[in-house]
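**Student:** Sequence:
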Amino acid sequence: MAQSTIKSKRKMDHLERTANNFRQEVITQAKVCGITNESGTVKRLRLAIENKDFTFKAGQWVDFFIPGVSVVGGFSICSSPGLLEREGILELAVKHTVHPPAHWVHTECTLDSEVALRVGGDFFFDPQPGDPPVNLVLIAGGVGINPLFSILLHIADLHGYQEGKGNRHKLGTVKLYYSAKNTSELLFKKNILGLMKAFPGKITCCFHVTQQCSQICKELQPHITEGRISEKDLEKHVSTDTSWYICGPPPMIESISKLLTNIGVPRNRIFFEKWW
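At position 111 of the sequence shown (counting the first as 1) the number is 111 in the working numbering, and the numbers step up by one without a gap.
Source of the hints: derived by calculation from the structure; they are not laboratory data.
Yeah, the Cβ is synthetic: ideal placement off N, Cα and C, and Gly gets one too.
Misleading hints may appear alongside valid ones.
[What the hints assert, rightly or not] In silico EDC-like cross-links for lysine to aspartate or glutamate, where the CA-CA straight-line distance does not exceed 16 Å:
1. 31 - 108
2. 170 - 126
3. 95 - 108
4. 57 - 122
5. 170 - 131
[What the hints assert, rightly or not] Distance windows between CB atoms, simulated:
6. 17 - 228: 22 to 28 Å
7. 29 - 251: 33 to 39 Å
8. 53 - 224: 38 to 44 Å
9. 202 - 274: 27 to 33 Å
10. 112 - 182: 30 to 36 Å
11. 67 - 130: 41 to 47 Å
12. 181 - 107: 19 to 25 Å
13. 53 - 204: 33 to 39 Å
14. 108 - 15: 17 to 23 Å
15. 197 - 112: 30 to 36 Å
16. 86 - 129: 18 to 24 Å
Using the sequences and the accompanying hints, generate a full structural model.
**Tutor:** Structure, rendered in C-alpha coordinates:
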(Lines of atoms letter the chains of each structure in order from A and count residues from 1; the text may use other names and numbers.)
(Lines give C-alpha, C1' and ligand atoms only; values in the text may rest on other atoms or scores of the structure.)
Protein backbone atom coordinates (compact mmCIF):
# COMPACT_ATOMS: atom_id res chain seq x y z
CA MET A 1 0.00 0.00 0.00
CA ALA A 2 2.75 2.46 0.98
CA GLN A 3 4.30 1.99 -2.47
CA SER A 4 1.19 3.09 -4.36
CA THR A 5 0.65 6.08 -2.06
CA ILE A 6 4.14 7.33 -2.80
CA LYS A 7 3.60 6.82 -6.50
CA SER A 8 0.31 8.69 -6.65
CA LYS A 9 1.77 11.47 -4.48
CA ARG A 10 4.63 11.90 -6.94
CA LYS A 11 2.22 11.88 -9.87
CA MET A 12 0.04 14.57 -8.32
CA ASP A 13 2.53 17.38 -8.30
CA HIS A 14 2.79 18.51 -11.90
CA LEU A 15 3.09 22.15 -10.75
CA GLU A 16 5.82 21.26 -8.26
CA ARG A 17 7.70 19.08 -10.70
CA THR A 18 7.70 21.75 -13.40
CA ALA A 19 8.21 24.75 -11.10
CA ASN A 20 11.51 25.63 -12.75
CA ASN A 21 10.22 25.29 -16.30
CA PHE A 22 9.30 28.21 -18.52
CA ARG A 23 5.60 29.16 -18.39
CA GLN A 24 3.63 31.69 -20.38
CA GLU A 25 1.56 34.19 -18.45
CA VAL A 26 -1.47 33.91 -20.70
CA ILE A 27 -4.22 31.64 -19.39
CA THR A 28 -6.95 30.95 -21.90
CA GLN A 29 -10.41 29.47 -21.62
CA ALA A 30 -11.03 26.52 -23.92
CA LYS A 31 -14.06 24.44 -24.83
CA VAL A 32 -13.97 20.71 -25.59
CA CYS A 33 -15.19 20.31 -29.18
CA GLY A 34 -14.17 16.72 -29.89
CA ILE A 35 -13.45 13.51 -27.93
CA THR A 36 -12.17 10.33 -29.57
CA ASN A 37 -10.63 7.10 -28.29
CA GLU A 38 -7.05 7.05 -29.55
CA SER A 39 -6.52 3.63 -27.90
CA GLY A 40 -8.17 1.52 -25.19
CA THR A 41 -6.62 3.75 -22.50
CA VAL A 42 -6.06 7.09 -24.25
CA LYS A 43 -8.62 9.77 -25.13
CA ARG A 44 -7.83 12.50 -27.65
CA LEU A 45 -9.42 15.87 -26.86
CA ARG A 46 -9.98 18.66 -29.36
CA LEU A 47 -10.15 22.05 -27.66
CA ALA A 48 -11.40 25.27 -29.18
CA ILE A 49 -9.15 28.05 -27.87
CA GLU A 50 -10.86 31.33 -27.04
CA ASN A 51 -7.83 33.62 -26.62
CA LYS A 52 -6.39 34.81 -29.94
CA ASP A 53 -3.02 35.64 -28.30
CA PHE A 54 -2.52 32.06 -27.12
CA THR A 55 0.47 30.38 -28.84
CA PHE A 56 2.78 27.43 -28.22
CA LYS A 57 5.86 25.77 -29.69
CA ALA A 58 5.80 22.17 -30.94
CA GLY A 59 6.78 19.96 -28.00
CA GLN A 60 5.38 22.08 -25.15
CA TRP A 61 2.71 21.11 -22.61
CA VAL A 62 -0.21 22.81 -20.90
CA ASP A 63 -1.25 23.31 -17.30
CA PHE A 64 -4.82 22.01 -17.44
CA PHE A 65 -7.27 23.70 -15.06
CA ILE A 66 -10.64 21.99 -14.52
CA PRO A 67 -13.49 23.78 -12.68
CA GLY A 68 -14.18 21.92 -9.43
CA VAL A 69 -10.95 19.85 -9.56
CA SER A 70 -8.26 21.24 -7.24
CA VAL A 71 -5.35 19.35 -8.82
CA VAL A 72 -3.85 20.94 -11.96
CA GLY A 73 -3.13 18.54 -14.83
CA GLY A 74 -0.06 18.62 -17.04
CA PHE A 75 -0.53 17.27 -20.57
CA SER A 76 1.69 17.52 -23.64
CA ILE A 77 0.10 19.07 -26.71
CA CYS A 78 -0.09 16.53 -29.56
CA SER A 79 -1.25 18.86 -32.36
CA SER A 80 0.78 21.36 -34.38
CA PRO A 81 1.08 25.12 -33.83
CA GLY A 82 -0.26 25.39 -37.40
CA LEU A 83 -3.61 23.83 -36.45
CA LEU A 84 -4.00 26.47 -33.73
CA GLU A 85 -3.16 29.26 -36.22
CA ARG A 86 -5.48 27.93 -38.92
CA GLU A 87 -8.46 26.70 -36.89
CA GLY A 88 -8.01 27.86 -33.27
CA ILE A 89 -7.79 24.19 -32.22
CA LEU A 90 -5.41 22.41 -29.86
CA GLU A 91 -5.33 18.65 -29.20
CA LEU A 92 -4.30 16.60 -26.16
CA ALA A 93 -4.09 12.82 -25.81
CA VAL A 94 -4.64 11.79 -22.20
CA LYS A 95 -3.96 8.34 -20.77
CA HIS A 96 -6.37 7.03 -18.16
CA THR A 97 -4.94 7.08 -14.62
CA VAL A 98 -6.33 7.67 -11.12
CA HIS A 99 -4.74 11.12 -11.14
CA PRO A 100 -7.76 13.50 -10.80
CA PRO A 101 -7.30 15.54 -14.05
CA ALA A 102 -6.78 12.41 -16.20
CA HIS A 103 -9.62 10.65 -14.38
CA TRP A 104 -11.89 13.65 -15.12
CA VAL A 105 -10.99 13.52 -18.84
CA HIS A 106 -11.98 9.83 -18.97
CA THR A 107 -15.08 9.89 -16.79
CA GLU A 108 -16.68 13.35 -16.73
CA CYS A 109 -15.43 15.38 -19.67
CA THR A 110 -18.08 15.91 -22.36
CA LEU A 111 -18.47 18.02 -25.49
CA ASP A 112 -18.72 21.67 -24.44
CA SER A 113 -16.92 21.09 -21.10
CA GLU A 114 -14.95 24.25 -20.29
CA VAL A 115 -11.37 24.24 -19.03
CA ALA A 116 -8.48 26.70 -18.84
CA LEU A 117 -4.97 26.24 -20.22
CA ARG A 118 -1.54 27.76 -19.77
CA VAL A 119 1.46 26.79 -21.93
CA GLY A 120 4.81 25.79 -20.48
CA GLY A 121 7.92 23.75 -21.13
CA ASP A 122 11.50 24.02 -22.35
CA PHE A 123 11.33 20.98 -24.67
CA PHE A 124 10.40 22.08 -28.19
CA PHE A 125 11.51 22.31 -31.81
CA ASP A 126 11.03 25.76 -33.27
CA PRO A 127 13.33 26.31 -36.28
CA GLN A 128 13.54 29.86 -37.61
CA PRO A 129 13.82 30.90 -41.25
CA GLY A 130 17.49 31.09 -42.11
CA ASP A 131 18.59 28.49 -39.50
CA PRO A 132 20.84 25.78 -41.02
CA PRO A 133 18.90 22.55 -41.63
CA VAL A 134 18.95 20.02 -38.78
CA ASN A 135 18.26 16.29 -39.05
CA LEU A 136 16.07 15.07 -36.23
CA VAL A 137 15.83 11.70 -34.55
CA LEU A 138 12.72 11.51 -32.34
CA ILE A 139 12.59 8.67 -29.81
CA ALA A 140 9.28 7.99 -28.06
CA GLY A 141 8.20 5.51 -25.39
CA GLY A 142 4.47 4.91 -24.82
CA VAL A 143 2.44 8.07 -24.23
CA GLY A 144 5.72 10.04 -24.57
CA ILE A 145 4.83 10.20 -28.28
CA ASN A 146 2.61 13.27 -27.63
CA PRO A 147 5.15 16.12 -27.85
CA LEU A 148 7.12 14.31 -30.56
CA PHE A 149 3.97 13.89 -32.66
CA SER A 150 3.42 17.66 -32.33
CA ILE A 151 7.00 18.21 -33.58
CA LEU A 152 6.39 15.80 -36.47
CA LEU A 153 3.19 17.63 -37.48
CA HIS A 154 4.98 20.98 -37.22
CA ILE A 155 7.70 19.75 -39.59
CA ALA A 156 5.04 18.46 -42.00
CA ASP A 157 3.42 21.93 -41.87
CA LEU A 158 6.77 23.58 -42.61
CA HIS A 159 7.35 21.20 -45.55
CA GLY A 160 3.86 22.00 -46.82
CA TYR A 161 4.59 25.72 -46.62
CA GLN A 162 7.84 25.18 -48.42
CA GLU A 163 6.12 23.55 -51.35
CA GLY A 164 3.21 26.01 -51.34
CA LYS A 165 4.31 29.41 -50.20
CA GLY A 166 8.07 29.53 -50.69
CA ASN A 167 8.87 29.25 -47.01
CA ARG A 168 12.44 30.11 -46.05
CA HIS A 169 12.83 27.21 -43.61
CA LYS A 170 15.56 24.75 -44.51
CA LEU A 171 14.61 21.35 -43.19
CA GLY A 172 16.59 18.15 -42.75
CA THR A 173 15.18 14.64 -42.44
CA VAL A 174 13.17 13.28 -39.50
CA LYS A 175 13.35 9.72 -38.23
CA LEU A 176 10.92 8.61 -35.51
CA TYR A 177 11.58 5.58 -33.34
CA TYR A 178 8.47 4.78 -31.34
CA SER A 179 8.27 1.95 -28.83
CA ALA A 180 5.15 0.59 -27.07
CA LYS A 181 4.01 -2.73 -25.59
CA ASN A 182 1.99 -3.66 -28.66
CA THR A 183 0.50 -2.14 -31.80
CA SER A 184 -2.81 -1.27 -30.09
CA GLU A 185 -0.84 1.06 -27.80
CA LEU A 186 0.93 2.85 -30.66
CA LEU A 187 -0.93 6.17 -30.72
CA PHE A 188 -1.44 8.17 -33.94
CA LYS A 189 -0.10 5.25 -36.02
CA LYS A 190 -2.45 5.94 -38.96
CA ASN A 191 -1.55 9.65 -38.93
CA ILE A 192 2.16 8.78 -38.80
CA LEU A 193 1.85 6.38 -41.77
CA GLY A 194 0.02 9.19 -43.61
CA LEU A 195 2.89 11.63 -42.95
CA MET A 196 5.42 9.08 -44.24
CA LYS A 197 3.40 8.71 -47.44
CA ALA A 198 3.00 12.47 -47.85
CA PHE A 199 6.72 13.21 -47.31
CA PRO A 200 8.64 10.17 -48.58
CA GLY A 201 12.28 10.18 -47.50
CA LYS A 202 11.77 13.34 -45.45
CA ILE A 203 9.73 11.70 -42.65
CA THR A 204 10.37 8.03 -41.80
CA CYS A 205 9.31 5.93 -38.85
CA CYS A 206 10.16 2.66 -37.17
CA PHE A 207 7.68 1.28 -34.63
CA HIS A 208 9.03 -1.06 -31.92
CA VAL A 209 6.79 -3.44 -29.97
CA THR A 210 8.04 -5.23 -26.86
CA GLN A 211 5.11 -7.53 -25.93
CA GLN A 212 3.12 -8.15 -29.11
CA CYS A 213 0.76 -11.15 -28.89
CA SER A 214 -1.71 -10.58 -31.73
CA GLN A 215 -1.25 -10.51 -35.50
CA ILE A 216 0.21 -7.23 -36.85
CA CYS A 217 -1.92 -5.63 -39.57
CA LYS A 218 -0.49 -5.61 -43.10
CA GLU A 219 -0.18 -1.85 -43.39
CA LEU A 220 2.02 -1.64 -40.28
CA GLN A 221 4.14 -4.77 -40.86
CA PRO A 222 6.93 -3.15 -42.94
CA HIS A 223 7.50 -0.55 -40.22
CA ILE A 224 7.45 -2.82 -37.14
CA THR A 225 10.46 -4.20 -35.27
CA GLU A 226 9.96 -6.57 -32.34
CA GLY A 227 12.07 -5.66 -29.30
CA ARG A 228 13.45 -2.48 -27.81
CA ILE A 229 15.14 0.40 -29.63
CA SER A 230 18.84 -0.53 -29.76
CA GLU A 231 22.25 1.03 -30.24
CA LYS A 232 22.40 -0.57 -33.69
CA ASP A 233 19.21 1.30 -34.71
CA LEU A 234 20.53 4.66 -33.54
CA GLU A 235 24.22 4.67 -34.38
CA LYS A 236 23.57 5.00 -38.11
CA HIS A 237 22.03 8.45 -37.52
CA VAL A 238 24.97 9.98 -35.66
CA SER A 239 26.22 13.11 -37.44
CA THR A 240 27.24 16.66 -36.55
CA ASP A 241 23.95 18.11 -37.79
CA THR A 242 21.57 15.72 -36.01
CA SER A 243 19.55 16.60 -32.90
CA TRP A 244 17.95 13.93 -30.71
CA TYR A 245 14.62 14.40 -28.91
CA ILE A 246 13.51 11.75 -26.39
CA CYS A 247 10.24 11.52 -24.49
CA GLY A 248 9.01 8.62 -22.41
CA PRO A 249 9.18 7.09 -18.93
CA PRO A 250 12.30 8.20 -16.97
CA PRO A 251 14.09 4.78 -17.07
CA MET A 252 13.81 4.74 -20.86
CA ILE A 253 15.15 8.28 -21.14
CA GLU A 254 18.08 7.43 -18.91
CA SER A 255 19.00 4.32 -20.88
CA ILE A 256 18.63 6.02 -24.30
CA SER A 257 20.60 9.11 -23.19
CA LYS A 258 23.40 6.88 -21.91
CA LEU A 259 23.35 4.89 -25.13
CA LEU A 260 23.56 8.09 -27.23
CA THR A 261 26.48 9.39 -25.16
CA ASN A 262 28.23 6.02 -25.65
CA ILE A 263 27.92 6.27 -29.44
CA GLY A 264 29.42 9.75 -29.42
CA VAL A 265 26.41 12.09 -29.48
CA PRO A 266 27.33 15.40 -27.76
CA ARG A 267 25.22 16.22 -24.69
CA ASN A 268 24.07 19.54 -26.16
CA ARG A 269 22.39 17.65 -29.03
CA ILE A 270 20.24 15.50 -26.71
CA PHE A 271 16.91 16.97 -25.53
CA PHE A 272 14.43 15.12 -23.35
CA GLU A 273 11.16 15.43 -21.50
CA LYS A 274 10.50 12.95 -18.68
CA TRP A 275 6.92 11.85 -18.61
CA TRP A 276 5.99 10.37 -15.25
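**Student:** All hints are to be evaluated individually against the structure, with a verdict given for each.
**Tutor:** Against the structure, the hints:
{"no.": "1", "hint": "31 - 108", "result": "14 Å, holds"}
{"no.": "2", "hint": "170 - 126", "result": "12 Å, holds"}
{"no.": "3", "hint": "95 - 108", "result": "14 Å, holds"}
{"no.": "4", "hint": "57 - 122", "result": "9 Å, holds"}
{"no.": "5", "hint": "170 - 131", "result": "7 Å, holds"}
{"no.": "6", "hint": "17 - 228: 22 to 28 Å", "result": "26 Å, holds"}
{"no.": "7", "hint": "29 - 251: 33 to 39 Å", "result": "37 Å, holds"}
{"no.": "8", "hint": "53 - 224: 38 to 44 Å", "result": "43 Å, holds"}
{"no.": "9", "hint": "202 - 274: 27 to 33 Å", "result": "29 Å, holds"}
{"no.": "10", "hint": "112 - 182: 30 to 36 Å", "result": "34 Å, holds"}
{"no.": "11", "hint": "67 - 130: 41 to 47 Å", "result": "44 Å, holds"}
{"no.": "12", "hint": "181 - 107: 19 to 25 Å", "result": "24 Å, holds"}
{"no.": "13", "hint": "53 - 204: 33 to 39 Å", "result": "36 Å, holds"}
{"no.": "14", "hint": "108 - 15: 17 to 23 Å", "result": "21 Å, holds"}
{"no.": "15", "hint": "197 - 112: 30 to 36 Å", "result": "35 Å, holds"}
{"no.": "16", "hint": "86 - 129: 18 to 24 Å", "result": "19 Å, holds"}
The structure is consistent with each of the numbered hints, conforming to all of them.
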